[in-house]
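S.K.: Going down the list, the protein sequences come from chains A and B. For the first sequence, full-length UniProt numbering begins at 1 and goes up steadily by one. For the second sequence, full-length UniProt numbering begins at 1 and goes up steadily by one.
Hints may be right or wrong, so weigh each one.
[Said to hold, decoys possible] Example chain A residues on the side facing chain B (calculated, C-beta under 8 Å, incomplete):
#1 49
#2 148
#3 150
#4 168
#5 172
#6 180
#7 183
#8 192
#9 200
#10 236
#11 243
#12 245
#13 260
#14 262
#15 264
#16 267
[As the list claims (entries may be wrong)] Once the Cα atoms are required to be at most 25 Å apart in a straight line, the calculated BS3-like pairs of lysine-lysine come out as:
#17 110/A with 120/A
#18 82/B with 244/A
#19 2/B with 199/A
#20 82/B with 60/B
#21 310/B with 265/B
#22 33/B with 244/A
#23 198/A with 263/B
#24 132/A with 120/A
#25 198/A with 265/B
#26 199/A with 146/B
[Unchecked claim] Selected chain A positions facing chain B (in silico; Cβ < 7 Å):
#27 126
#28 152
#29 188
#30 213
#31 256
Bear in mind the hints are in silico, worked out from the structure with no lab data behind them. All C-beta atoms, glycine included, are put in the ideal place defined by N, C-alpha and C.
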Amino acid sequence: MPDYALELSNLSRHFYLKNGAFKEATLLKAVDGVSLRIRPGETLGLVGESGCGKSTLAKMILGLLEPTDGDVLVNDKARGASSRLAMARQLQPIFQDPYSSLNPRKTIEKIIRLPLQLHKVGDRHSQKKAVKDISDLVGLPERLLKQYPGQLSGGQRQRVAIARALILRPNILVCDEPTSALDVSVQAQILNLLMDLKKELNLTYLFISHNLGVVEHLVDRVAVMYRGKLVEQGTREEIFHHAKHPYTQALLSSVLTPEPALGVPEVLDSSSWDKAS
Amino acid sequence: MKRILEVKNLQVDLPTANGTLRAVRGIDLHVNKGEMLCIVGESGCGKSMTSMALMGLLPKRAAITAEAMQFDGMDLLSLSKKERNQVRGMRMSMIFQEPMTSLNPSYTLGNQLCEGIIKHKGLSREKAKERAVYLLERAGVPYPEKRLNQYPHQLSGGLRQRVIIAMALMCEPDLIIADEPTTALDVTIQAQILRLIRELQQEFGTAVIFITHDLGVVARIADRVAVMYAGQVVETASAEALFANPLHPYTQGLLNCIPIPGKTKPGSHLASIPGVVPSLIGEFKGCAFENRCSVSTSECRRRTPNLAIKPSSADHQVRCPEVSLSFQEAV
Chain A
1 MPDYALELSN LSRHFYLKNG AFKEATLLKA VDGVSLRIRP GETLGLVGES
51 GCGKSTLAKM ILGLLEPTDG DVLVNDKARG ASSRLAMARQ LQPIFQDPYS
101 SLNPRKTIEK IIRLPLQLHK VGDRHSQKKA VKDISDLVGL PERLLKQYPG
151 QLSGGQRQRV AIARALILRP NILVCDEPTS ALDVSVQAQI LNLLMDLKKE
201 LNLTYLFISH NLGVVEHLVD RVAVMYRGKL VEQGTREEIF HHAKHPYTQA
251 LLSSVLTPEP ALGVPEVLDS SSWDKAS
Chain B
1 MKRILEVKNL QVDLPTANGT LRAVRGIDLH VNKGEMLCIV GESGCGKSMT
51 SMALMGLLPK RAAITAEAMQ FDGMDLLSLS KKERNQVRGM RMSMIFQEPM
101 TSLNPSYTLG NQLCEGIIKH KGLSREKAKE RAVYLLERAG VPYPEKRLNQ
151 YPHQLSGGLR QRVIIAMALM CEPDLIIADE PTTALDVTIQ AQILRLIREL
201 QQEFGTAVIF ITHDLGVVAR IADRVAVMYA GQVVETASAE ALFANPLHPY
251 TQGLLNCIPI PGKTKPGSHL ASIPGVVPSL IGEFKGCAFE NRCSVSTSEC
301 RRRTPNLAIK PSSADHQVRC PEVSLSFQEA V
């Protein structure tokens, strides 16, 4: 068993934004020196507002974007050291939007089976069986396998995305806002599924979300990102009950629980935590 | 209290390739002056279609019928197109979900803010600008004078939504319909915008219909709540009554679905509503929630339930025979 399922050391990604042909480009540090460690079997929640670099970080972990600086270690080995295929067997993504992450012209069965074909796992017969087994596991009825993504509801599509991610039996899942495109009643179904799968398959999750209620429910540790940097990380207890950074405190105070007596909280504006970071 | 809007049995039908989609299936609503009514429901339940019907912005092919649609004594359905245009923007205005797309990128903010009030009230450009600056300031936009000459892309999402709120208030409307105004925003900005809407609403005495899918938001800002499911209102009550004592199985299910810090044990199984929303294409018989409901009986499939009033409080109404049966037993 590796010490860490996922380790990021001083990971950075910078972009140059063009300001027209003759002006100098401005430097945007989308991710700026992020170091993180996730133990096998652990769920780490990554929170922060839009544009803070969460998704850029996820893309670098998945190898969809080259880091400017720093390393990604998967199961104690550098990402670049092994082939993309070998990496894909350990690490798989679940994206936010189940409407655009599935190919509309392929049947569900083909979508789930594709990773097996690319990795040349088993023959036609065993692949079909594997698709059926994984569909059972994620709660997709067999009749849907012959259908196309357009015929499925949002929750069912996200189940397809989860099945596709799990069919190679990876041990790490990077979930980038997996429920934010879903209705609350369906969100609960998918969250329950993710929790069950974790227990059953001993998975490690990097769970990226802006919904702090969901994060608190699901994760063991939390990392808070602001403007490309990690401003605070700790256990669920530490972050949700003893947050130190003013940005984390502001995030927590703006969570709206369904309690009518409380009214809308007063949230400080960004100047107070800009100074602190 | 004075009623500003009264809607009875509103129905909206949309023709689709597979048949008629009954997006709104008989909705009764009323809004009092200065009140915040929240309409809450999941995607596809008809909440946006309801707001579009009220504003008169439905697509042309949509068929709309209602027993009554009274806005401050006017029958909205019998107004001519020209009269309707005078009401829209002047006495009823709208805040849309996407602050990125609801502003025109090729006009300055000043231009867009002032356009309505110049057209509707015949104000001079200077007077209109004065009011725009005043409202931008009230909406918490820094450097309001400078903003008038800026374009939408120069502002962040939160600022744009503040501009849109200021724009909705330009003509001092009696009613604002806000369709998911904070869904596209970050949580910290969301809290600021909600606070702003609530403050301005109370200060100007404007009635607001606030449409959202987020029960957390509803709980914090609503005076009254209407829960929608499959094109119908299934439960309506004051915010306190609804959250303290939800009666409809759907409302209860929705509330149980959200993990609440401090109440839900982390990592525990969340309650969820099994199944999916039924298709609203074609004729529909019986209760729409029947296939997902925990208390449904065979009777539910046959009979379409009506809104029944809870005996102790006339404000609390619920569309479920199983629940209203228990009312009768209680009496």
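S.K.: A separate judgement is required for each hint: does it hold in the structure or not?
M.R.: So, going through the hints one by one against the coordinates:
Checking residue 49/A against chain B: minimum C-beta separation of about 4 Å stays under 8 Å; hint holds. With a cut of 8 Å, the hint placing residue 148/A at the interface with chain B is violated, because the nearest CB-to-CB distance is about 16 Å. Below 8 Å, beta-carbon pairs count as interface contacts, and residue 150/A has none with chain B, the closest being about 13 Å; its hint is therefore violated. For residue 168/A, the interface hint is violated, since its Cβ never comes within 8 Å of a Cβ in chain B; the closest pair sits about 26 Å apart.
Hint status for residue 172/A relative to chain B: violated, with the closest Cβ pair at about 19 Å, above 8 Å. The interface hint given for residue 180/A is violated, since its Cβ lies 10 Å from the closest Cβ of chain B, which is over the 8 Å cut-off. Interface restraint check: residue 183/A against chain B, minimum CB-CB distance 4 Å, threshold 8 Å, status holds. Checking residue 192/A against chain B: minimum C-beta separation of about 5 Å stays under 8 Å; hint holds.
Interface restraint check for residue 200/A: the shortest CB-CB distance to chain B comes to about 14 Å, outside 8 Å, so the restraint is violated. Proximity of residue 236/A to chain B holds as hinted, the smallest CB-CB distance being about 7 Å (cut-off 8 Å). Taking 8 Å as the C-beta contact cut-off toward chain B, the hint placing residue 243/A at the interface is violated, the least distance being around 13 Å. Checking residue 245/A against chain B: minimum C-beta separation of about 13 Å lies over 8 Å; hint violated.
Interface restraint check: residue 260/A against chain B, minimum CB-CB distance 4 Å, threshold 8 Å, status holds. Satisfaction of the interface hint for residue 262/A is found here, the shortest Cβ-Cβ separation to chain B being roughly 6 Å, below the 8 Å cut-off. A distance limit of 8 Å between C-beta atoms decides the matter here; for residue 264/A the minimum to chain B is near 4 Å, and the interface restraint holds. Residue-level restraint check for residue 267/A holds (minimum Cβ-Cβ distance to chain B is 4 Å; threshold 8 Å).
Taking the CA atoms of residue 110/A and residue 120/A, the gap is near 14 Å; set against the 25 Å cutoff, the hint holds. Of the supplied pair hints, the one linking residue 82/B and residue 244/A is violated, its CA atoms being roughly 58 Å apart against a limit of 25 Å. Straight-line distance between C-alpha atoms of residue 2/B and residue 199/A comes to about 57 Å, which puts the hinted pair past the 25 Å bound. The suggested pairing of residue 82/B with residue 60/B holds, with an alpha-carbon distance near 16 Å, which does not exceed 25 Å.
Under the criterion of a C-alpha separation no larger than 25 Å, the hint pairing residue 310/B with residue 265/B is inconsistent with the structure, at around 32 Å. A hinted pair counts as satisfied when its Cα atoms are at most 25 Å apart, and residue 33/B with residue 244/A does not qualify at roughly 44 Å. Using a Cα cut-off of 25 Å, the hinted pair residue 198/A and residue 263/B holds, with the two alpha carbons roughly 23 Å apart. Between residue 132/A and residue 120/A the alpha-carbon distance is near 18 Å, which keeps this suggested pair within the 25 Å criterion.
For the hint pairing residue 198/A with residue 265/B, the CA-to-CA distance comes to about 17 Å; that is within 25 Å, so the pair holds. At most 25 Å may separate the alpha-carbon atoms for a hinted pair to count; residue 199/A and residue 146/B exceed this at roughly 56 Å. About 32 Å separates the beta-carbon of residue 126/A from the nearest beta-carbon of chain B, more than 7 Å, and the hint is not met. Taken as an interface hint, residue 152/A does not check out: its beta carbon lies about 10 Å from the nearest beta carbon of chain B, beyond 7 Å.
Proximity of residue 188/A to chain B holds as hinted, the smallest CB-CB distance being about 4 Å (cut-off 7 Å). Because the smallest distance between the Cβ of residue 213/A and any Cβ of chain B comes to about 5 Å, under 7 Å, the interface hint for this residue holds. Interface restraint check: residue 256/A against chain B, minimum CB-CB distance 3 Å, threshold 7 Å, status holds.
The earlier numbered hints that this structure contradicts are 2, 3, 4, 5, 6, 9, 11, 12, 18, 19, 21, 22, 26, 27 and 28.
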